[in-house]
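Q: Quick mapping for you: the protein sequence lines, in order, are chains A and B. Reminder that position 340 of the first sequence reads as 340 in my numbering, one-by-one numbering, no gaps. Reminder that position 171 of the second sequence reads as 171 in my numbering, one-by-one numbering, no gaps.
Hint data in this document are derived by calculation from the structure and do not stem from the laboratory. No experiment lies behind these values; they were computed from the predicted model shown. Ideal Cβ placement from N, Cα and C applies to all residues, glycine included. It cannot be assumed that every hint is accurate.
[Stated by the list, open to error] Residues from chain B shown here face chain A by an in silico Cβ test under 7 Å; the list is partial:
1) Glu62
2) Pro75
3) Pro76
4) Val106
5) Val107
6) Asn224
7) Leu227
8) Asp230
9) Arg238
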Amino acid sequence: MTDSKYFTTTKKGEIFELKAELNSDKKEKKKEAVKKVIASMTVGKDVSALFPDVVNCMQTDNLELKKLVYLYLMNYAKSQPDMAIMAVNTFVKDCEDPNPLIRALAVRTMGCIRVDKITEYLCEPLRKCLKDEDPYVRKTAAVCVAKLHDINAQLVEDQGFLDTLKDLISDSNPMVVANAVAALSEIAESHPSSNLLDLNPQSINKLLTALNECTEWGQIFILDCLANYMPKDDREAQSICERVTPRLSHANSAVVLSAVKVLMKFMEMLSKDLDYYGTLLKKLAPPLVTLLSAEPELQYVALRNINLIVQKRPEILKHEMKVFFVKYNDPIYVKLEKLDIMIRLASQANIAQVLAELKEYATEVDVDFVRKAVRAIGRCAIKVEQSAERCVSTLLDLIQTKVNYVVQEAIVVIKDIFRKYPNKYESVIATLCENLDSLDEPEARAAMIWIVGEYAERIDNADELLESFLEGFHDESTQVQLQLLTAIVKLFLKKPTETQELVQQVLSLATQDSDNPDLRDRGYIYWRLLSTDPVAAKEVVLAEKPLISEETDLIEPTLLDELICYIGTLASVYHKPPSAFVEGSRGIVHKSLPPRTGSSESAESPDAAPSGAPPSEQPAVIPTQGDLLGDLLNLDLGPPVSGPPVATSSVQMGAVDLLGGGLDSLMGGTGFTAPSAVMPANLGPPPSGGLGDLFDLAGGVGTLSGSHVAPKTVWLPAMKAKGLEISGTFSRQVGAISMDLLLTNKALQVMSDFAIQFNRNSFGLAPAAPLQIHAPLAPNQTVEISLPLNTVGSVMKMDPLNNLQVAVKNNIDVFYFSTLYPLHILFVEDGKMERQMFLATWKDIPNENEAQFQIKDCPLSADAVSSKLQGSNIFTVAKRNVEGQDMLYQSLKLTNGIWVLAELRIQPGSPSFTLSLKCRAPEVSHYVYQAYETILKN
Amino acid sequence: MIHSLFLINCSGDIFLEKHWKSVVSQSVCDYFFEAQEKAADVENVPPVISTPHHYLISIYREKIFFVSVIQTEVPPLFVIEFLHRVADTFQDYFGECSETAIKDNVVIVYELLEEMLDNGFPLATESNILKELIKPPTILRSVVNSITGSSNMGETLPTGQLSNIPWRRAVVKYTNNEAYFDVIEEIDAIIDKSGSTVFAEIQGVIDSCIKLSGMPDLSLSFMNPRLLDDVSFHPCIRFKRWESERVLSFIPPDGNFRLLSYRVSAQNLVAIPVYVKHMISFKENSSSGRFDVTIGPKQNMGKTVEGVIVTVHMPKAVLNMNLTSTQGSYTFDPVLKVLTWDIGKITPQKLPNLKGIVNLQSGAPKPEENPSLNIQFKIQQLAISGLKVNRLDMFGEKYKPFKGVKYITKAGKFQVRT
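Isolated chain A (complex conformation) (with noise of 0.2 Å):
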């Protein structure tokens, strides 16, 4: 008696029979079709020609029928959309049962019914069921607004549903609630701009209350809903973690990793001093590792987000290096996650086991691991320097063991090794050597070619050995031919009489056989090198190459601080940020830590400030392609290459770029900053083309002396700029322009060779001596800059006139971004003018060069004003007073020659004040009046 029998078919034709049963009299009889139904639909056949006959068996008082049949409603309804509205009569009907088991079905299949005439029909009842009086009906009716809004969004919006469902946030049944939060999120996922789920202190209590009384299921929405809350200060995230923490020993293991969430992102607002920090990272170790017992899969899942938690606080599993010991039976994924662990836990203290571990991992069956294991023992070697001698000669071990693979993998890793540490261990190359001939693989090729190039000194037979790989070059892989041109040109640079004829036959294999532009460009710039000047090229070959960094593959600090906000979900387990893969990412809101309190750094929350743009969306800062082929041709060769004229980069890009940079700061480093990096709290979104809001925004806290000077702003944020960070202003003191800058590395390797280049600008604006930054940039350094500027660069009008471009170039690439300078910087010393001259200019102006502003809320003085302008060489020739108003006029004069005259209208009393430019070149007047609102209002 089971339901196999479902399965078994008749001669005549299965639809035919089922039909004729499912219109029997007999009740038992039809029910037994429908389930035959059922079964051959779950297997996947088609039995939508039954549609009508299932339905007509709907109105029954059998629960087991009816369920049956809504079953098959939910599959078919779609694919015959005029039949299914005979059903709705029957489901209206249901929504007003006195049982609410039928009430709450009813509603649910109705929302699982993808038809818009029963939608239609679902807006009433659903309207009802949200507000019955049995929370059953209640929490299942919560998750039909979610369905329906997949179905139909605006019909959910105009229907009021959704502050309904809000509104059930507060409902007495703690089930109800965390549906809500379910069907809240899930619309608010599709939504992002939509303040849907707007969490206050009130109703985060609300939930922090259901959260112990709900499902498991509910909890984990529940406490993904907190993750998104930013509390208002640290007593108040302190106070969250104490009541999430119980969650912490909760036996379903997707409630303690959200959990973790919750607690990794608000503890970024503990102060570390504070005694509940530490009980906090105590508390944090064993749950995750309790993680680690379970199914193979959820081990995974965990292991990645450990993985993210190791490299933010690696604190917290420090003392648990053995729990990530592989068991050889752990599933492949597994033991791969816990070797990755295990490296970022190792130090110094327990490398010896680790060691030891490794070592046996390298003899097990699985190739991709014991690869993997190998790499290891090299990554331990570069992390942990006490260990660099033990961990060399475990890879010699591993070498002598002749695993063609094995083998092949350690020479990778040593050449890691010797870059490290140079000039200590290349005792080993002489049994490097041997294993020459066995390597097949590209990527071990290379890192010994690369090994016997650059100690081509020690090696009797580098020619020779040399030489053999010559022999199959077209065959080779383009990372094994470059290297062996580099290696080649290094032996000939040390050994230059035996290697003549060697190193001419691969500068003619690398630049006349290849068909390869990267091979050929090296091969030729060798040649050229060599041909000129054979000094410079080996100061150039072999130069010194900086220390490769400690630690390998770790996550960039940015990207983890917003990977942490997502522990637990898929974008921990990629290790990416939602947006890069979540179809119909448009919604995605960028998540960031949030800052610890008491710092100065602005408390805004991210999730207010619009920080939803996705990338893609802002507009590039450097125009076009063409300008990026100037500028760099001028960078790298020095004298200025007349690029393609400058498409427009409006205002509206500077803004951007402004705000793209000021986010970035609050949002992805916040915290960890260095505060000049960060803009005024009170940043908002400046609209486009404000250039004056710009410089209001920029103005919050600028001194006076000098020329007025504008608090930095983040010019090229470090997401732009793999990792480094500029911002910057502009000063003018005692007739000198500069630039000062605040370079700041956010990547994990060293920076240098810093250079930098304008590209052509309508003042001539060109930097009056290179950028002299003599020290390399550690990592999280921060450099403060200040490069002298003149204005004998070459000129083009730009629009808007103040727009600069700027090509930085360090070791890694050349970034550009564009910024707006303040004119002021541009007024000279002497550009007061005398009284006569200024009347007789005033009047030989024509009137249609006057230009008049409104400069308002400045409650100044005229003598204030005047002696205030006067510090940016704004000159007052004359004052008088007219009617009771002070008139003061003024000259100033442009590096360019250009003369601006001014008549200031003060009326005193009133903070508005009326200014009139005049000028030959009218363009400029906009942003004289801009510089005269900066100044005025600092």
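Dock chain B against chain A, hints included.
A: Chain B alone, transformed into the frame defined by chain A:
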């Protein structure tokens, strides 16, 4: 949330599909099959697979892949936990979670899945509630049903569904009121070549079978609660009370459930009850090797170690093995290269030994890897961590229940490297 579920057997047939939102075509499983092919071994299929439009999150249980399809950002653990819950429910309903059992009960399975998830949100996952909604199949019931025409579907709202104790039915009645607790501890350990412990910890659980009428409120206390510092509780346990008094106080679910699980990791508390002497070696160029393993008791607190089974995954090059055992029997599976030695009880007077010759494929190079030994054993009436239940009190009901506690220690992932 969870969009669809496909059940796939080992030969790659999709034998059940269920969609909670719109229908997702079966073809989405092709990505899964691709990953499966790449993984070679069924256990190595990655649990999260991304496809151009969906994400596939899967678990592997009882030779069935439960593959769920999701479309939006959903916590993967949530999905995995849910899938395991589905498998548990099948197990609970049909006695086994196998392809035949599911096929035989396909309509109940479908009804269950519909009850467990609504629009991708979990609805009712507690076995107590599900059983009130959909009665599990029994031979008796199906006979009765077919005679009386009554249904196996509950007609009323499950009572526990909305109370603050969703795990318990309201009206429970037993003639014999009993409460049993099984303290089960598993030792996970890695022992290295020389016999020293690389890693060891105890994974303990307390499984309960509670058949008590009414609404009993229980409190369970331990002789040495301090052992339990890393615990995961069933939702019924009052956390505050545990925090303050180290007493487990709870209104239990009806029937079988896991009350708590715990982990003891402090190395000095984890006793290793057996030791292994091993000699496995392969001779260079002679396509043979030697195998000699002896196992003996150690730190077993005076109890007998029984149910001992040693499994060894031999290297691929091994053709067969000619061994003699002093106790128990051994089998060697030449396809999977797995040697299983079923020993039974260890008597300290005469230690079980298995030794003999290993035959390798002729011409194959000497295997590099050394096989690890996987050891299973059981010790009755002992919780190796020393955990002891002190007493169980019941409040809220008047009758006197029968109480029982059983202890057992087992090997978990107990591996000896050679």
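Q: Next, verify each hint and record whether it holds.
A: Right, here's what the structure says about each hint:
no.: 1; hint: Glu62; verdict: violated (12 Å)
no.: 2; hint: Pro75; verdict: holds (5 Å)
no.: 3; hint: Pro76; verdict: holds (5 Å)
no.: 4; hint: Val106; verdict: holds (5 Å)
no.: 5; hint: Val107; verdict: holds (5 Å)
no.: 6; hint: Asn224; verdict: violated (18 Å)
no.: 7; hint: Leu227; verdict: violated (13 Å)
no.: 8; hint: Asp230; verdict: holds (4 Å)
no.: 9; hint: Arg238; verdict: violated (10 Å)
Of the numbered hints given earlier, the model fails hints 1, 6, 7 and 9; all others are met.
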